[in-house]
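> Spelled out, the chains give:
2 protein chains.
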Amino acid sequence: MKAVATSLTAIAAALISAGAIAAPNDPATLARIRDSAMQDNYAFERLADLTDLVGPRLSGSPGAAAAVEQVAEAMRKLGAKVTLQPVKVPHWVRGEEKGELVDYSGRPAGLSQRVVLTALGGSGATPAAGLTAPVLVVKDFADLKAHAAEVKGRIVLFNVPFDQEMADRGLAGPAYGHGAAYRFAGPKIAAEMGAAAVLVRSVGGADYRVQHTGASGLVDGARIPAAAVTAEDAMLMARLSARGPLKMHLTLTPQILPDADSFNVIADLPGTDKPDEVVIVSGHLDSWDLATGANDDGTGVAGAMGVLETLKKLNLQPRRTIRMIAWMNEENGTRGGKAYHAAYKDKAEKHIAGIESDSGGGRPFGLITSVSPQTVGLLKPVQDALEPIGANVIMRRDSAAGADLTLMEKEGVPMFEPLVDGHSYFHYHHTPADTLDKVNPYELQRHVAVLTSLSWYLANLDQPLGRVTVHGGDDD
Amino acid sequence: MKAVATSLTAIAAALISAGAIAAPNDPATLARIRDSAMQDNYAFERLADLTDLVGPRLSGSPGAAAAVEQVAEAMRKLGAKVTLQPVKVPHWVRGEEKGELVDYSGRPAGLSQRVVLTALGGSGATPAAGLTAPVLVVKDFADLKAHAAEVKGRIVLFNVPFDQEMADRGLAGPAYGHGAAYRFAGPKIAAEMGAAAVLVRSVGGADYRVQHTGASGLVDGARIPAAAVTAEDAMLMARLSARGPLKMHLTLTPQILPDADSFNVIADLPGTDKPDEVVIVSGHLDSWDLATGANDDGTGVAGAMGVLETLKKLNLQPRRTIRMIAWMNEENGTRGGKAYHAAYKDKAEKHIAGIESDSGGGRPFGLITSVSPQTVGLLKPVQDALEPIGANVIMRRDSAAGADLTLMEKEGVPMFEPLVDGHSYFHYHHTPADTLDKVNPYELQRHVAVLTSLSWYLANLDQPLGRVTVHGGDDD
Numbered sequence: 017m018k019a020v021a022t023s024l025t026a027i028a029a030a031l032i033s034a035g036a037i038a039a040p041n042d043p044a045t046l047a048r049i050r051d052s053a054m055q056d057n058y059a060f061e062r063l064a065d066l067t068d069l070v071g072p073r074l075s076g077s078p079g080a081a082a083a084v085e086q087v088a089e090a091m092r093k094l095g096a097k098v099t100l101q102p103v104k105v106p107h108w109v110r111g112e113e114k115g116e117l118v119d120y121s122g123r124p125a126g127l128s129q130r131v132v133l134t135a136l137g138g139s140g141a142t143p144a145a146g147l148t149a150p151v152l153v154v155k156d157f158a159d160l161k162a163h164a165a166e167v168k169g170r171i172v173l174f175n176v177p178f179d180q181e182m183a184d185r186g187l188a189g190p191a192y193g194h195g196a197a198y199r200f201a202g203p204k205i206a207a208e209m210g211a212a213a214v215l216v217r218s219v220g221g222a223d224y225r226v227q228h229t230g231a232s233g234l235v236d237g238a239r240i241p242a243a244a245v246t247a248e249d250a251m252l253m254a255r256l257s258a259r260g261p262l263k264m265h266l267t268l269t270p271q272i273l274p275d276a277d278s279f280n281v282i283a284d285l286p287g288t289d290k291p292d293e294v295v296i297v298s299g300h301l302d303s304w305d306l307a308t309g310a311n312d313d314g315t316g317v318a319g320a321m322g323v324l325e326t327l328k329k330l331n332l333q334p335r336r337t338i339r340m341i342a343w344m345n346e347e348n349g350t351r352g353g354k355a356y357h358a359a360y361k362d363k364a365e366k367h368i369a370g371i372e373s374d375s376g377g378g379r380p381f382g383l384i385t386s387v388s389p390q391t392v393g394l395l396k397p398v399q400d401a402l403e404p405i406g407a408n409v410i411m412r413r414d415s416a417a418g419a420d421l422t423l424m425e426k427e428g429v430p431m432f433e434p435l436v437d438g439h440s441y442f443h444y445h446h447t448p449a450d451t452l453d454k455v456n457p458y459e460l461q462r463h464v465a466v467l468t469s470l471s472w473y474l475a476n477l478d479q480p481l482g483r484v485t486v487h488g489g490d491d492d
Numbered sequence: 017m018k019a020v021a022t023s024l025t026a027i028a029a030a031l032i033s034a035g036a037i038a039a040p041n042d043p044a045t046l047a048r049i050r051d052s053a054m055q056d057n058y059a060f061e062r063l064a065d066l067t068d069l070v071g072p073r074l075s076g077s078p079g080a081a082a083a084v085e086q087v088a089e090a091m092r093k094l095g096a097k098v099t100l101q102p103v104k105v106p107h108w109v110r111g112e113e114k115g116e117l118v119d120y121s122g123r124p125a126g127l128s129q130r131v132v133l134t135a136l137g138g139s140g141a142t143p144a145a146g147l148t149a150p151v152l153v154v155k156d157f158a159d160l161k162a163h164a165a166e167v168k169g170r171i172v173l174f175n176v177p178f179d180q181e182m183a184d185r186g187l188a189g190p191a192y193g194h195g196a197a198y199r200f201a202g203p204k205i206a207a208e209m210g211a212a213a214v215l216v217r218s219v220g221g222a223d224y225r226v227q228h229t230g231a232s233g234l235v236d237g238a239r240i241p242a243a244a245v246t247a248e249d250a251m252l253m254a255r256l257s258a259r260g261p262l263k264m265h266l267t268l269t270p271q272i273l274p275d276a277d278s279f280n281v282i283a284d285l286p287g288t289d290k291p292d293e294v295v296i297v298s299g300h301l302d303s304w305d306l307a308t309g310a311n312d313d314g315t316g317v318a319g320a321m322g323v324l325e326t327l328k329k330l331n332l333q334p335r336r337t338i339r340m341i342a343w344m345n346e347e348n349g350t351r352g353g354k355a356y357h358a359a360y361k362d363k364a365e366k367h368i369a370g371i372e373s374d375s376g377g378g379r380p381f382g383l384i385t386s387v388s389p390q391t392v393g394l395l396k397p398v399q400d401a402l403e404p405i406g407a408n409v410i411m412r413r414d415s416a417a418g419a420d421l422t423l424m425e426k427e428g429v430p431m432f433e434p435l436v437d438g439h440s441y442f443h444y445h446h447t448p449a450d451t452l453d454k455v456n457p458y459e460l461q462r463h464v465a466v467l468t469s470l471s472w473y474l475a476n477l478d479q480p481l482g483r484v485t486v487h488g489g490d491d492d
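Taken in order, these protein sequences are the chains called H and W. Take 17 as the starting number for the first sequence in my numbering and just add one per residue. Take 17 as the starting number for the second sequence in my numbering and just add one per residue.
Because the hints were derived from the structure by calculation, they are not lab data. Mixed in with the good hints, there may be bad ones.
Which copy? The list can't say, so a pair holds if one copy fits it or any two copies do.
Stated by the list, open to error - Computed list of lysine-lysine pairs in DSS-like fashion (alpha-carbon distance at most 30 Å, straight line):
id	residue 1	residue 2
1	Lys366	Lys155
2	Lys263	Lys93
3	Lys329	Lys114
4	Lys329	Lys93
5	Lys328	Lys168
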């Protein structure tokens, strides 16, 4: 077939004329991939296995180990080439957690008020019987600085509200980043100023007295006790503190155990003519421990697994290798991403593209990519294939790497992630409510359609996309 | 002034001509009441004191005792005539509560799944170390009956979803009633069939893994362990049960202590010329123990307190006595309502009307009343006064008594309650999330405007409203 001169037809025809005989990179094949994914429950079934049978999967836990086995076994069953890449992971284990406001102005004799809270990952421990200290409520870092003289020996509460209105308007990421900064950096700063413990207001828009855990940023040095209180409890503490001195009894008994052995699960669908060139499609397998991590990031892993299953079912063999990775330890160390980078940085130029899906299973509207503005146009066939399912928006950003691919992005690998409706993502993310029922099976099918179309297209391009220079960082 | 022949003017003029010189029952006075209430933070401040300083107020608890003192003291401070009416109340104390799915088809060795649950009021206890039993998931009473042979020795789960769509469409009460029937009646029925324990799916529309407690209906006979699991956990158990046999380890260690001494708080604003005739305006002071009972029923109590404060501030003395009652033990025994009835049933004809506000602090649209269709028209001046604040809808029902006034309604006393937007009420009701931040201070002002206008108008009517015959029951 001869290429004609108009855009899409030209590109498609050019690709078709270029090679891949058994399974060309043409609109018809992309449409078959999309339509097959949209009728396939495989990914949702894998997500149900992961969340219902295994459950929480914090790094170092028995759940994480079982998840590695389950995903590897499912990929073997598909006929993929499975490798378990060793990763040493932090091993932090939640203990008892209890908060009680034991004195405040206007308190009836004998009463106290319970505070709903949960330890942050990496938190230090209080004595087993807890500690009692006055509370200092601050609204931001400047406020903390203004009260520097009062920090020593106190329990510092960063009472920073999550801006759900921003999240509702499509700015969930920045809204999260604003609050999460206090969770990442606040504990260390308060510890260095002599605080007895540190509390952050849960980073999320839910108003159901839901506690949101997450990494505390405490990795070495003074590990003071650090917890997230619910939005409701933060507001209560602020109100009581406005009435007069407030005293709290806090018990947190997490343990930091020696680093544990774990794995990235790598499952290859080998390329036909360029097997050493790789397109990564991935999600992270570990989750926080309060829930079953359905949206964070069960949907990412199940979606990536669905890519291999869709291609296998259609008997489509890519020219380059499509590599499914279920990363270990995204949540509290990104050791999986670091191990991969250490092993593969010398082969960075063989990595054609990296995809990580880690924004939950909300409706995908299209793609985010870090390829150059000049290169974005090359993605037109993928856009066109995804147009009938309303997932054809392409957004370019200087960085588009999930946390596990940050180092590979710095090596120049072009990155992709789904562009997802995230307005309610932070209602559930890192809370006990991140459970299977929050995932719409139809939207997960749409994710698989997006991920598979993109992976297939990239793996079959005549020429790689070109290298990318990263200017900014990824602060998700 | 002489009465003229047209509706509102006629009624108002007739009332004015009839007596009450210092403070007539006229449109101008009702407007002053409404406007004053709409600019007054008294009720919200009392609600903040009750929820922030006292907190949870389950019958028999130190919180309930402190609440009695706090409300009585506030009413004395206003100059009301305060009586503490003794009430013996059930004394049930929550203990440890833990659920774990310890075996199921497809379970990786060594893993189990945590279940978020909370004991129902009146629940019996498991052994201290818990009990382990197979789970039987049923979808309704008919399904239980169909599996009658399997009940003995099992943990029965009533997996009955709350219909939030009904609640969103103005039918929150019936939606709640449908689910709550399993909480009220299910434990006893399952106990009589030999169940080892009983679980209900939380009755409420929130999807944040929130547990809803409430009365179990277990008051005598076999007190088996009874708990509410969250909607998410009920769905998980149903899915795992569909895969094969499911086994659970359940620990609930509540205690049933001897009945405790408590009180209804009664605060009278005595009538000028008919002090022995009474209009009750009330809410219930006790709450469940998981939260601070802001909407259930702090807003009812604070609203009723606001009635007395509004009239005091305007220096308005009613012709008949307006009686604020903060009921004790609405949630698990209605002993307060029973004690009042026992003491006052012989004076039922002196009770001109009863008002109980127990539908939360959502926007009030007007009133529900049990007065006869012929009498509803008499309320026109109240409707007109509430029209500028959008609270002038009057809905007639055969029964309009809150739980604490049911017995007085059966004596023929006409009943009233606010007509309230309840679409999100059951998201929070009986959960840990029923906290002060859920109450909009402006809506609470509107409640006080409604309650005060109504109380004042009824207390100053020339003729009582007439008796009411109750045909139906109140199943709220």
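> Each hint needs a verdict: does it hold in this structure or not?
Hints, one by one, checked against the model:
Taking CA atoms no more than 30 Å apart as the test, Lys366 paired with Lys155 passes in neither setting, with 48 Å inside one copy and 55 Å between copies. Proximity of Lys263 to Lys93 under the C-alpha cut-off of 30 Å is restricted to the inter-copy arrangement: shortest distance 29 Å between copies versus 57 Å within a copy. For the identical chains of this complex, Lys329 and Lys114 are neighbours neither inside a copy (50 Å) nor across copies (44 Å), given an alpha-carbon limit of 30 Å. Taking the shortest alpha-carbon separations for Lys329 and Lys93, only the intra-copy value of 12 Å comes in at or below 30 Å, while the best inter-copy value is 78 Å.
When the C-alpha separation of Lys328 and Lys168 is checked against a cutoff of 30 Å, the pair qualifies neither within a copy, at 61 Å, nor between copies, at 48 Å.
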